[in-house]
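**Q** Sequence:
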Amino acid sequence: MSFSRSRRTRALAAGALSAAVLSTGTAGAVAATGTPAPKPSMTRTGMPSVKPSRTATAMGSITVSADRKAVKVGNTVVFTGRVKGIKTGSTLVLQHLHNGRWTTLRTTAAVNKNGTYTIKRTFTTKGTEQVRVATKTGTFHSTPVTVKVS
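Taking the numbering used here, the leading residue of the sequence shown gets 8, the next gets one more, and so forth.
A few of these clues could be false.
As the list claims (entries may be wrong) - Label pairs and their calculated CB-CB ranges:
| no. | residue 1 | residue 2 | range |
| --- | --- | --- | --- |
| 1 | Thr123 | Gly145 | 32 to 42 Å |
| 2 | Gly92 | Thr131 | 31 to 41 Å |
| 3 | Met66 | Trp109 | 28 to 38 Å |
Unchecked claim - Straight line, CA to CA, 20 Å or less: simulated PhoX-like cross-link-like pairs of lysine-lysine:
| no. | residue 1 | residue 2 |
| --- | --- | --- |
| 4 | Lys127 | Lys79 |
| 5 | Lys143 | Lys91 |
| 6 | Lys76 | Lys127 |
| 7 | Lys155 | Lys127 |
If you are wondering where the hints come from, they were derived from the structure by calculation, not from laboratory data.
Note that CB positions come from ideal geometry on N, CA and C, so glycine has one too.
Can you build the whole structure from these sequences, using the hints too?
**A** So this is what it looks like as structure tokens:
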């Protein structure tokens with residue numbers, strides 16, 4: 008029994024000594040900085056408010072399809088599609104890829120009440136045309152479609 012009592016006494020003494028050292032260290036820290044260290048809070052805070060980024064695809068979109076994939080010079084191609092997130096009456100333009108840049112053609116249409124549009128274009132030169140529909144401001148555009156003109 009004496010062996011056990013001796014161990015308990017040592018453990019109790021070590022715990023008391025540790026508490027004394029810790030409280031002295033805290034007092035020294037308060038004396039050195041002049042302000043007590045912040046205490047952890049047990050209150051629950053709300054989730055931080057994060058606004059979603061507003062990307063062009065999240066705000067609006069344009070689809071396009073051509074009634075023909077291949078035409079002869081002088082024939083007309085009808086491009087139709089649907090828009091989302093773009094106001095009725097907004098002007099849409101037809102663009103084609105020329106020397107690596109999208110160039111606006113002189114072909115326009117307005118967005119209908121039901122969110123659709125129709126653009127007609129007559130091609131006058133032979134070749135492969137990559138065409139897309141975009142808003143007049145260039146904020147939104149469709150994926151390109153290819154038309155072969157022979």
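**Q** Could you check the structure against the hints above and give me the numbers of any it violates, in ascending order?
**A** Violated hints: 1 and 3; rest satisfied.
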